[in-house]
Every structure is written in C-alpha cells, then in structure tokens.
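Chains as they are written, first to last, in my numbering: chain C, 1 to 342; chain U, 1 to 501; chain W, 1 to 320.
Note that these hints are calculated values from the structure, not bench results.
Note that the structure is predicted; figures quoted are calculated from it, not measured.
One thing to keep in mind: the hints can contain errors.
Claimed, not checked - Output of the computed footprint for chain C on chain U, the stretches with three or more beta carbons under 8 Å from beta carbons of chain C:
#1 346–356
#2 473–483
To be verified - Now the in silico label distances, taken between C-beta atoms and shown as ranges:
#3 L135(W) - R224(C): 35 to 41 Å
#4 V73(U) - H85(W): 51 to 57 Å
#5 G174(C) - R141(W): 26 to 32 Å
#6 N78(W) - G174(C): 41 to 47 Å
#7 D395(U) - L305(C): 21 to 27 Å
#8 R224(C) - S450(U): 35 to 41 Å
#9 V78(U) - V333(C): 28 to 34 Å
#10 D205(U) - F125(C): 31 to 37 Å
#11 S328(U) - V107(C): 37 to 43 Å
#12 I205(W) - I6(U): 54 to 60 Å
#13 S303(C) - I92(W): 44 to 50 Å
#14 V73(U) - I92(W): 49 to 55 Å
#15 G335(C) - H85(W): 55 to 61 Å
We put the beta carbon where it would ideally sit given N, CA and C, even for glycine.
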Amino acid sequence: MSTDITLSTRLRALAGYRATWPLLALAAIFIVDGFISPGFYDIRIVEGRLFGSVIDIFYRAMPTAIVALGMAVVIGTKGIDLSVGSVVAICGAVIAWRIHEGDSHFVILFLALGTGLLCGLWNGFLVAVLNIQPIIATLILMVSGRGIGLLVNQFYGGTDPSFESALLQGLSVGHIWLIPTRLIVGVGVFIALWFLIRRTALGLFIEAVGGNTSAANLAGVNARLIIFSAYLIAGLCAGIAGVILTADTHTSDPVSVALYIELDAILAVVIGGGSLAGGRIYLGMTVIGALIIQALTTSILISGLPPEYNLVVKAVVVLFVLLLQSQNARNAVWGLFSWRKS
Amino acid sequence: MEDTSIPRIEMSGITKLFPGVKALQNVDLCIYPGEVHALLGENGAGKSTLIKIMTGALPTDEGKIRLDGQAIVLNSTVDAQKLGISTVYQEVNLIPAMSVAKNMTLQRQPTRFGLINWAAARNLARKRLKQLSLDIDLERPVGSYSIAIQQLVAIARALEDNTKVLVLDEPTASLDAGETNALFEVIRDLKSRGIAIVFITHFLDQVYEISDRITVLRNGQLVGTSMAKDLPRLDLIKQMIGRELEQAEGQLTKRSTDNLGEPVIVAKGLGCKRVIEPFDLNIRAGEVVGLAGLLGSGRTETAKLIFGALPSDSGTLTMNGEVVTNNSPRQSLGRDIAFCPEDRKEEGLVGELSIRENIILSLQAKNGWLKQLSYDEQERLADEMIKALAIATPDMDKPVNQLSGGNQQKVVLARALVSDPKLLILDEPTRGIDVGAHAEIVMLIRRLCSQGMALLVASSELDEIVAVSDRVAVLRDHKQIGEIAGDEVTREKIIGMIASG
Amino acid sequence: MNEKYWPLMATIAVFIALFLTGGFLFKNFLSTLVLGHILADNAFIIIAAIGATFVILSGGIDLSVGSMIGFVGVVMANLDLAGWHPLASIAILLIFGILFGALQGFIIDFCDIQPFIMTLAGLFLLRGSSFMVSLDSVPIRHPFVAEVARVHVPLPGGGFLAASAIVMLISLLAAILLAHYTRFGSNVYAIGGDRKSAELMGVPIRKTTVMIYAVGGFYGALAGVIYALYTSSGYPLAGTGSELSAIAAVVLGGTLLTGGVGMVAGTLFGGMILGLISTLIIFDGSLNSAWIIISSGLLLFIFIVMHRFLVGSFNLRGRA
Numbered sequence: 001m002s003t004d005i006t007l008s009t010r011l012r013a014l015a016g017y018r019a020t021w022p023l024l025a026l027a028a029i030f031i032v033d034g035f036i037s038p039g040f041y042d043i044r045i046v047e048g049r050l051f052g053s054v055i056d057i058f059y060r061a062m063p064t065a066i067v068a069l070g071m072a073v074v075i076g077t078k079g080i081d082l083s084v085g086s087v088v089a090i091c092g093a094v095i096a097w098r099i100h101e102g103d104s105h106f107v108i109l110f111l112a113l114g115t116g117l118l119c120g121l122w123n124g125f126l127v128a129v130l131n132i133q134p135i136i137a138t139l140i141l142m143v144s145g146r147g148i149g150l151l152v153n154q155f156y157g158g159t160d161p162s163f164e165s166a167l168l169q170g171l172s173v174g175h176i177w178l179i180p181t182r183l184i185v186g187v188g189v190f191i192a193l194w195f196l197i198r199r200t201a202l203g204l205f206i207e208a209v210g211g212n213t214s215a216a217n218l219a220g221v222n223a224r225l226i227i228f229s230a231y232l233i234a235g236l237c238a239g240i241a242g243v244i245l246t247a248d249t250h251t252s253d254p255v256s257v258a259l260y261i262e263l264d265a266i267l268a269v270v271i272g273g274g275s276l277a278g279g280r281i282y283l284g285m286t287v288i289g290a291l292i293i294q295a296l297t298t299s300i301l302i303s304g305l306p307p308e309y310n311l312v313v314k315a316v317v318v319l320f321v322l323l324l325q326s327q328n329a330r331n332a333v334w335g336l337f338s339w340r341k342s
Numbered sequence: 001m002e003d004t005s006i007p008r009i010e011m012s013g014i015t016k017l018f019p020g021v022k023a024l025q026n027v028d029l030c031i032y033p034g035e036v037h038a039l040l041g042e043n044g045a046g047k048s049t050l051i052k053i054m055t056g057a058l059p060t061d062e063g064k065i066r067l068d069g070q071a072i073v074l075n076s077t078v079d080a081q082k083l084g085i086s087t088v089y090q091e092v093n094l095i096p097a098m099s100v101a102k103n104m105t106l107q108r109q110p111t112r113f114g115l116i117n118w119a120a121a122r123n124l125a126r127k128r129l130k131q132l133s134l135d136i137d138l139e140r141p142v143g144s145y146s147i148a149i150q151q152l153v154a155i156a157r158a159l160e161d162n163t164k165v166l167v168l169d170e171p172t173a174s175l176d177a178g179e180t181n182a183l184f185e186v187i188r189d190l191k192s193r194g195i196a197i198v199f200i201t202h203f204l205d206q207v208y209e210i211s212d213r214i215t216v217l218r219n220g221q222l223v224g225t226s227m228a229k230d231l232p233r234l235d236l237i238k239q240m241i242g243r244e245l246e247q248a249e250g251q252l253t254k255r256s257t258d259n260l261g262e263p264v265i266v267a268k269g270l271g272c273k274r275v276i277e278p279f280d281l282n283i284r285a286g287e288v289v290g291l292a293g294l295l296g297s298g299r300t301e302t303a304k305l306i307f308g309a310l311p312s313d314s315g316t317l318t319m320n321g322e323v324v325t326n327n328s329p330r331q332s333l334g335r336d337i338a339f340c341p342e343d344r345k346e347e348g349l350v351g352e353l354s355i356r357e358n359i360i361l362s363l364q365a366k367n368g369w370l371k372q373l374s375y376d377e378q379e380r381l382a383d384e385m386i387k388a389l390a391i392a393t394p395d396m397d398k399p400v401n402q403l404s405g406g407n408q409q410k411v412v413l414a415r416a417l418v419s420d421p422k423l424l425i426l427d428e429p430t431r432g433i434d435v436g437a438h439a440e441i442v443m444l445i446r447r448l449c450s451q452g453m454a455l456l457v458a459s460s461e462l463d464e465i466v467a468v469s470d471r472v473a474v475l476r477d478h479k480q481i482g483e484i485a486g487d488e489v490t491r492e493k494i495i496g497m498i499a500s501g
Numbered sequence: 001m002n003e004k005y006w007p008l009m010a011t012i013a014v015f016i017a018l019f020l021t022g023g024f025l026f027k028n029f030l031s032t033l034v035l036g037h038i039l040a041d042n043a044f045i046i047i048a049a050i051g052a053t054f055v056i057l058s059g060g061i062d063l064s065v066g067s068m069i070g071f072v073g074v075v076m077a078n079l080d081l082a083g084w085h086p087l088a089s090i091a092i093l094l095i096f097g098i099l100f101g102a103l104q105g106f107i108i109d110f111c112d113i114q115p116f117i118m119t120l121a122g123l124f125l126l127r128g129s130s131f132m133v134s135l136d137s138v139p140i141r142h143p144f145v146a147e148v149a150r151v152h153v154p155l156p157g158g159g160f161l162a163a164s165a166i167v168m169l170i171s172l173l174a175a176i177l178l179a180h181y182t183r184f185g186s187n188v189y190a191i192g193g194d195r196k197s198a199e200l201m202g203v204p205i206r207k208t209t210v211m212i213y214a215v216g217g218f219y220g221a222l223a224g225v226i227y228a229l230y231t232s233s234g235y236p237l238a239g240t241g242s243e244l245s246a247i248a249a250v251v252l253g254g255t256l257l258t259g260g261v262g263m264v265a266g267t268l269f270g271g272m273i274l275g276l277i278s279t280l281i282i283f284d285g286s287l288n289s290a291w292i293i294i295s296s297g298l299l300l301f302i303f304i305v306m307h308r309f310l311v312g313s314f315n316l317r318g319r320a
C-alpha cells in the first residue's frame, strides 16, 4: 500500500517535470513507428549519404527546427514572430533574383541571410521602437511578405524563377562525409545560439525582459536593444531556413513555400515547454518539439495512412501534449483514475 | 430603528486548514451594525483568509457564520453579495477602459426582454454615486479618473440596496491625505446608515481615526478584540508583533553633516515639464537624504529623474564630478548608482526568474552581456546577500514570486547592493511589508550609510523618513519646497512645511 | 466627442477616402453597384471577422475560422450529394460551429492554454478534416442554391444587395445587439479590459469564454455557409488564410488587438476597406495580385501605427 503511494507521488513529480512529457511523446512516436514499419530503425548508406526513416525525420525537421530556435528566443522576450514564413519566401525570391542577375553564389548566400536580418530589423523596429504588440507588428510582414516575394520575382520579368546553384544546394540537400549538410547547419545554428544565450548574459537579459520589461529596464538592462536583438536572431534563423528550403526546391515560390512554418515553429516551442507568456528559453526542448512535429508527419507517411490525415493527427497530438502540460487537465485525469480505483 | 445589540455578522470558531498550514484556528469575529471594525495583523496573520471566508471566496473547514442572527452558508462570492456582504479589494478592481456607468453596473444591468436597458442602468449608477456624493461623467472611461475616484467608484459599485456588511481591504493604500479624508467621510456616512464595515489597513493613524473596535490576528489565531479608545497604540503594536517595538528605529542620532565626503550627485535646476518642477539637490557620501511629501508630491518622480528612469528636460545633473547627458538607468548603473523601485511586482522583480538571477541581474547588466558571471560567482553573491539580509528561503533557485512580500523587497535591495553602488536610491523601501521586516530595513539603511554609502530615500511614511534621514527635501505638488537638516528633521517640522500654503 | 469613437471614425474616414479615390481614378466607380458587389464579395470575410471581433475584444484570437470555412463547405457539398436539403445541412453545420467553438473556449479556459495555440490546433483539425471529407472541389447542385443566388434587393442608383450581403448585414445587426445590449457583451469587454478585475467583479469567466468562442465558431460556420452558397461548391482549401483577413478586418475596423476597446460596427468598414483595395487594384488592371497583398499589408501597417499613437493618447491607466 505504501509503495503504491510513493510510486504515485513519484509519478506525480515526474509528471510535473518540464521535459518529461515532450520526451515521452517523442519516444512513444518512435516506438509506435518501429512497430508499424519494420525497417524504421534501419540506416543505410546510399550514394555516400546516410539514409533511413530516423535520419529522414531529422533531415526534414531541420528547417522548422532552425526557425523554431529563433522563435524560442523571440518568445522568451514575451514576443512572437508570425512573419517567419514570409521571410523565407522573401529570401527565396532574393536568391532566385540575384542568381538570374548572375551574382556570385557565395555573395548571394550572404544576401539571403542579410535579407533575413533586414526583416528582423523591421520587426524589431516595430516592436522595440514603436512599441507595437509583437503579434500585431509581425502580422504586418506576415500579411505582406509573400506579396513582396512575388514582386521580387517580377524584377527579372516574371520569367521562370527556378535556378541551379551547387553551393546553395550543397547546403540544403548535400552531405559532408555521411551526414546531410543541413543537419550540420542545424547543429551549428543550435550550438551558436546556445553559446549566445547561455554562455553570455544575453539569455538572462532576454528572460528578464520577457518576464518583466519595466523591472529589467530599471535593473539596467536595455530592454529595447534586447528585444531588437531577439527579432534579428529570429530573422536570421528564418533566412537560414529560407536558403535551405529554396535550394531544396530549386525555385522561388513565394505563395506556397514554408506555408504554416510559423505555426509549426510556435508549436515546436510550446510543445517543448515554452510559454507564450515569455520569460524562459528552452533551446534543446524546442528542437525536440520540432522533431515531434516532423516525426508525426513521417509516421503518417510510413503507416500508409493517406497524407490528408497528417493535419488531423498533428492537431490531436498537439492537443494531447497541451492537455498533459495543463495542471487542471492532469488533475482531472488523476481524479478520474483514483475514483475508478476506489 | 434597528436592534443594534444583535451583531450584523458573527463568525465563531472559524478554522481553515491549507496543506501543511493552519491558516486560521478557532477565530471569532463579530461586527455590529453601524460599526467600523479594524482588522489588523502582520502579513500572513490570516486577515485575508478570514475575509475570503466572510465573503464566500473560500469555504470554512469549521465554524459558523451568522448574519443578523441567522446562520448562513456561503458557497460563493455571489451568494455573499446576494445576502448583502460586499468587498472592495486592495487594488482597485475596475475595468479601466470601460465607462463609469458600465463598470458600476457590470453583471447587474437592468434588462428588458434580455437586452440591457442602458437608461435604467445609468440611473442606477447615478443613484449609487450620489450616495457617495460623487458627481462624475458616467460615460468617461473609469481609468481616466484618479485612483481616489476609482476607489470611490469601486465602493459605490459594492454598495447595493441591501448591503449589510462592507469589507474594505487596504482602501487607503494609494490615497493621499485629502483623499483619505474624503473616503473617511463616506465611511462615516455608511456607518450612520447601519452598515457594518470591516476596515483592513496598515496605517495605524487611520485605525484610530476611523474605527470603533479593533481585532488583531497573529499566526492564524485571534489575539483579541478591543474598543479602539481603550487600546493604546503601543499595546496594539505589541499585540500585532508580540514584542515591544524596539525604540531603536526612532532613536537614531542625527549626525553632523559637516564632515562628509564629496557630493556623489549634484542636481541643478533638474526638472521635467508636467512631472516635477526644477529642483536642486546634492547628496554626499555617508549621508541619507530623505524625500518627504504626500502622494503625488513628486517623490517618486524626483528619484526616477535622478536615476534616469524619467527623462529630464531642464537643468544639469552631475555625478561624481561629470555632467550627465542622456541619462538612463543603464548609465546610472555604470556610474555606481542603484535604484529600488516602489512597486515590487510591476517594476522590481522578474517573478519567474530565480532569487539568484534576480539578485545578480543589475550587476550583470553593469558588466555587459558579454562578460557573463560564472555560476559559482552568481551563487556566491546570492548566498552572501541571502545571509546578509536574512532572506528566508531554503533555495536560491526558487522563483522569486514564491517569496513573501518582505523577502521580495529584500531581494530587490540585494540586487541593488550587489551592484556595489556609491548612491542607493530607495523608493518606499518598506511599502507593504510587515513590522518586523520594516525595522530590519530601517536598520540596514543606517548601517549602509555608516559604511560610507550615499542614500536617497523616498517614503510616504513620515516616521520612517525622520528615523533614517540626515537631511530631508520636502516636496509638495510636484515641487521641492525646502530642505531641512540635523535637529530640524522632525515630524512636526515636515508636516508644518507641507501644510503651510 | 468621446475618445472611444476615434478609431471607428478613422476607419470610416479611410473607407470614404479610398472610395472617393476610386471614383476619382475610374469612371462608374462611385456607384451602389460597385458598393453592392464589394459587400457581396466580401460578405463571408466580414461575417467571419464579426465573430473574430468578439474573440479579439476579449483579448483572445481565433485562428480556426479559415479552416471552419473550408470544412463547412466540403461537408455541405457532401451532404448535398447525399440528398440533404441545404437548409438542413446549414442548421446542422451552424450547430457544429457553435459546439466546436464552445469546445475550444472550454479547453482554453479549463486548461489555461493560450487561445493562439488552441485555435491553431483547431485550424489544423478542421483543415485536416476537410481533406479527409474530400480532396477535390464538390459542386452543390440543389436548386435552393440557385434560388439564393437570384435574391436581389435593389438599391437606389442601380445597385443591389445579394443574399450574402443581406445575411451579412443581418448578422452584423445581431452582433451589435449582442455586443452592446446584453450582459454577455459587457462581459466580453470586461474580460478584454482586465481579466482579473472582471473575475473579482463577478463576471463568470469560464461561461463567458466558452460563449465567446462559440460565437466565433457560429460566425465562422456562417461564413463557410455563405462562401459555399456563393461559390455553389465545397472545396477543402477554401478560406485558407481567411483567418488573417478576418483579423486584419477587425484591426482596420478599429478594434485593439489587446482587447477591451473597439466596436463591432467598425469591423464592417474594416472588411470593406480590404475589399475596396482589391477592387481598386483589379479595376486598374495593370497591377498584379502581389500589389493587393502588399497594399493590404501597408494599410494594416499604417492603421496599426495609427492605433498605437491614438490609443497612446488615451489615459486608460489613470495613474495620478
């Protein structure tokens, strides 16, 4: 009897721990996948590159994960960046345009990243200088960004916006040794951000600003600058994702590229335990969140369910994770559980 | 005439248990019609739990409540309101963007066929406001009025035709003397109408001014109920904190201000239009300068102007001999000035961050974002401060919002002290904290000063200003009206200065 | 004039200015015919935006309306195939909209989940469900649809109000009554203005939250019905991005995204402004669709900045 109590208290404590549920969710998806697809854990080497379902999940999750990392930083300041999908579209259009103009691809890479930074600068200006609420401020670029992308495509006469670039495609779909390049890019972004956030005081400042802006200001933190930097980071991350996604399809398609990526990125942050109320940044858990989202999509594909089930399953799982994170819902479930037992 | 021998409301044997704590233990409280009853006690004594039980916000574990002799059971605040028990909470609780009329009638609008009859609703609001002799535009957003008017609107809202018991939780916390008097007029009027009033405050002057009887709680237990006129002030304080108030607070000797160091800051004609008129002020190392005045006199504004939290538009500010331009909190911090704001929750702490992170925040901001303090260093500094200020916490990595008010205030102080300031600006350092912590903080101010720090202390409590300050700048109506030093620093002198037109 | 009418006045001024600009640039633009067409074409967005107004006034957001439009359309079309009378399927779908919204509201309040995230899950759920019902556009052939399309209420000056515009105007009137003449409406403003105070003042938070999202769901479903009747088909991708247009219409209509300030009537003009912009650009003919997107975004930007400073001049926090 007493062991039963300690077990349930321990379970309760574990249930309250932030990382428990997302990791359990990811593990559960992987285990289920192992059952429905016998070859799920197989990793082969094809054309000098690692292949396999698990690798594929990491591979496809990278753009969302990179965008989500930037989003996590912005959400840490109590902000949100709805414009990341549009930023990807604009970056893609800029890449295609400059390639048609014959610029050096190396320069174009930096132009694309610079475009991301510029978009971040715009959002940062609206939020930090004009003091417009983030959700509203970034809505502006979200609404108009894809239009801007279409406009950039017109710069070279509206002809075929597809292109070839060994450098950019190498970054997106290539591999170094056995490892897909974009995984290396993703890990690089993660490590760079981790150092920026956790090995400088920027993380503390962002969390202070997100937790209580006026208190942070009075404590000597330049909140405006901190918020600005967060949007720059998000813009840059969206730019990197823009390079990967555009090079992947060899074309600039502002209308449909990275559709709903902002929502996936926000979901990744939230599934990873971040709160939209700001004040905390969890980089590692954000990547886990992005992996959960992609693992779900992949599971549906390999399970043979029609792809149209994807969104529904995603919604249900998201709801499930959210309900698990809610104290009220947990109590209700526990209550039901103990009521059944007695 | 009503029978005044039956209590309006009688609570007997009230016991309330929270997990691990006995919040209330066998407490009795009884209030007669037309009585103003002060409910006193330190933070955590059980005042708010008792009030929540009285107003139906919490169920009681044991005990009975009788209203006009009838036993009642309260399941919700709506129940209590229907029976005539209303509350006005500590912070004004109205919707700032909504009109006065809409605020007054929210959830009780007269309806016709399911639709609100706004004409009738406005009449109702007007009638209620008239009871308090308040004549304001019903259509303006309530947030466009002063806090005092908002407080009166909140009271008017709480008063229904059948109101028998009115609970006022710290209603005067953000009112100045004139506004408080106006509120007391209203309370006396309500009293004459036979309403039983529960008055919670931490201003002892006001307790004696308005209340008939006083009930003191301590650690969830009833200490006693007495007639106000039979309970001397010293006995009341004794009841509240259970020990003689150490006279130390009032007995600090004023030191001569002659042999002090160089001025840390010199303000000449510093001002900001519509906020504070230009003033001169200098503060030298090793002295405490007080800022005295009523609410709205410009105390906070003066402090913020010097710290750079408000922009100045006239005059000059010299810090350590350098003229400061484009002052900001960040710059002031770099010049070894630290500031503890008045409003802990809104401007002081980052609630979600840990005690450790809150303590080192200013020092880290001073060092810049590239030079991160190592974890060991952070731990050492936080530990030092937790010991030095006796912050009661088992764990420095606990979110700071889990601490009690007094300990939170100490964390704000600790943050300022860790940045090793030459000038420390304290705005209301003892607001909202209990008597014990109050004395500790007053002692701390004197100790810091004797170690050579310069301090600027703004406070609404005159006794506190008198106790800690070597020099006092007196303010009235956004203007500095004079400065006194040494033996001149007395309660009477300051009151005289503020009162003299 | 009371400050609270300023944003609405600004909205109406922009609408009139745009309309006059159109009249200046193009012959025959200043007519009830053009006006009637804009009303009819944008009726579904405005209806969705009316529901979104309640949600935004309460300080929340509803991202699920666009998917609701698509879902309602495909289900209606498939019920039509199964031989249902459109009125029967409309009734069922409106009830579904209310229940779906109510469920979202309940989860938001009970589980303390940000509305943004909850309705995002709702967006995925409904869009995915639409795909599961049908992957292609399905026509609605019932004669009732053609009858509805024939409804024309003539306006002075040669224009007319189509059925969709009439439904929109009626639902706008209902929404105005709901917002300004019921306790529920006042509670919405109270929760958006200051949730904690509203709770202490006795506003039933859970009941009101559930009702707010139920209203949002109802108007979302109604928008879907109008869109399906207007296009006489159900298409699973219908209404993609409509949630953004709806939010934009609400903002252009003078409602603060922070909640607590705004008027339902403004949303009509906000939606009309969006409609006017695309009409103007289509009239011009030389500009492509990129410009519709960019100019809506630009106007949104101007309005948001304008609100920011207009509202900054209010003293809503009355600090002494």
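Evaluation of the provided hints:
1. 346–356: holds (count 8)
2. 473–483: As far as the stretch 473–483 of chain U goes, the hint is violated, because 0 residues have Cβ atoms under 8 Å from chain C.
3. L135(W) - R224(C): 35 to 41 Å: With Cβ atoms ~49 Å apart, the hint is violated.
4. V73(U) - H85(W): 51 to 57 Å: 53 Å, holds
5. G174(C) - R141(W): 26 to 32 Å: 52 Å, violated
6. N78(W) - G174(C): 41 to 47 Å: 45 Å, holds
7. D395(U) - L305(C): 21 to 27 Å: 48 Å, violated
8. R224(C) - S450(U): 35 to 41 Å: 38 Å, holds
9. V78(U) - V333(C): 28 to 34 Å: With a Cβ separation near 29 Å, V78(U) and V333(C) satisfy 28 to 34 Å, so the hint holds.
10. D205(U) - F125(C): 31 to 37 Å: Since D205(U) and F125(C) have Cβ atoms about 51 Å apart, the given range 31 to 37 Å is violated.
11. S328(U) - V107(C): 37 to 43 Å: 39 Å, holds
12. I205(W) - I6(U): 54 to 60 Å: 37 Å, violated
13. S303(C) - I92(W): 44 to 50 Å: Violated - the Cβ-Cβ distance for S303(C) and I92(W), about 32 Å, lies outside 44 to 50 Å.
14. V73(U) - I92(W): 49 to 55 Å: 44 Å, violated
15. G335(C) - H85(W): 55 to 61 Å: 45 Å, violated
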